[in-house]
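What follows is the residue order along each chain.
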Amino acid sequence: METLTVPATLDALAHISAFITDATTRAGLDEHAAWQVQLAVDEAATNIIQHGYPAETPGNIDLAWHIAGGDLIVTLRDQGQRFTPEHVPAPDITSPLEERQAGGLGIYLMGQLMDSVKYEFDPVQGNILTLTKQIALPTATQVFELAGRLDAVSTQQAIAQVSAAIAAGTRHILLDLARVTFLSSSGMRALLLVRKELLAREGGELRLCSLQPQVREVFTLTGFTQLFALHQTREEALRAFGQSSA
Amino acid sequence: MDVSHKKFNRVDLLTLEGRMDAASAPQLKQHIDALFEQGRYRIVLDLAKLDYIASPGLRVLIEARKRARDRKLTDIEGGDVRIANLPPRIKEVFDLTGFTSLFEIYNDTLDAVGSF
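So the sequences go chain by chain: W and U. Residues in the first sequence are numbered consecutively from 1, following our numbering. Residues in the second sequence are numbered consecutively from 1, following our numbering.
If we strip away everything but chain W, and leave its shape as in the complex, we get:
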């Protein structure tokens, strides 16, 4: 667990931002998720600074973050006035300008940006706010080009790289078979094993593209056209990822 204690003043916001940038980088969040956490924590800290403590006697904010169960968890603790979220009305974000209130937007944004927001009060520790963000699996697509005759041995070699990518967290895999001239039944078995390996993982998708006619025929004869997502072109296959299960 990493921790940071700062005085509850506006000058501290920059330190908090740097602390959270470190957290989101080390948690491996993508740029968008990192920004969401950054903004949610900024809003939380701003509320403590502006409403938690009397302006003339600001106390501290204790921040901490850790990673657990695939989540990045950030907590903010303060000894200021007890915070009761029920007392803050949800902002009406549809009313016209004349009736629009600018208050309550920070708390509202936190709820929109994080997967969960939890307020607790402890007589000793004070207000404890816990913000949780799921760490998404990498969804980048990796393309592998296979070539030549795919028999037992050559397919195994080609597939070893794919297996390594799956183990490293890649969930979208495209096999480009444009230069494959022959596919043996043992080559087909190896493809089935990769499919099984990938589909066992949440969000896993395997797609194949650019099959030569004689290779496509092997899929048709064996009935495996049903088991694999086959695409005419690489572009078509890349567009299909994330659209539906494959």
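Bear in mind the hints are in silico, worked out from the structure with no lab data behind them. Using N, Cα and C, we set each Cβ at its ideal position, and we do this for glycine too. Incorrect hints may have been included.
Unchecked claim - Label pairs and their computed distance ranges (CB to CB): (1) U:E63 - W:V143: 47 to 53 Å; (2) U:P87 - W:L97: 18 to 24 Å; (3) W:P85 - U:D33: 31 to 37 Å; (4) W:P89 - U:S115: 31 to 37 Å.
As the list claims (entries may be wrong) - Some chain U residues close to chain W (C-beta under 8 Å, calculated; not the full set): (5) A22; (6) A23; (7) S55; (8) L58; (9) I62; (10) R65; (11) R89; (12) L96; (13) T97; (14) G98; (15) L102.
Start from chain W and add chain U according to the hints.
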């Protein structure tokens, strides 16, 4: 956040650059208040180089537009605060908070200035 000012005949253009959070939002408020004090209520905010906005920044925007629109000027139209350019991150905050429908937003700075 940096705020730079360009004065046109009937309109003032404020260009914001960097982060607008609770620490920096008062800077924008000061600029806008100064213009209001000079009786200049037609303002374009260029957000093309604004990387980040948090709710204290939103508050300054909404209060500025309310005050500007309350002014009935002698010309055909009254005062207003209009926005030019909305980078993706800023647009996302605007969309989440329902601000997109609260402002006149232009994709081009000169269009925004010329809209008055």
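Evaluation of the provided hints:
| no. | hint | in the structure |
| --- | --- | --- |
| 1 | U:E63 - W:V143: 47 to 53 Å | 51 Å, holds |
| 2 | U:P87 - W:L97: 18 to 24 Å | 23 Å, holds |
| 3 | W:P85 - U:D33: 31 to 37 Å | 32 Å, holds |
| 4 | W:P89 - U:S115: 31 to 37 Å | 34 Å, holds |
| 5 | A22 | 4 Å, holds |
| 6 | A23 | 4 Å, holds |
| 7 | S55 | 4 Å, holds |
| 8 | L58 | 6 Å, holds |
| 9 | I62 | 5 Å, holds |
| 10 | R65 | 6 Å, holds |
| 11 | R89 | 6 Å, holds |
| 12 | L96 | 5 Å, holds |
| 13 | T97 | 6 Å, holds |
| 14 | G98 | 3 Å, holds |
| 15 | L102 | 5 Å, holds |
When the structure is compared with the earlier hints, no violation turns up for any of them.
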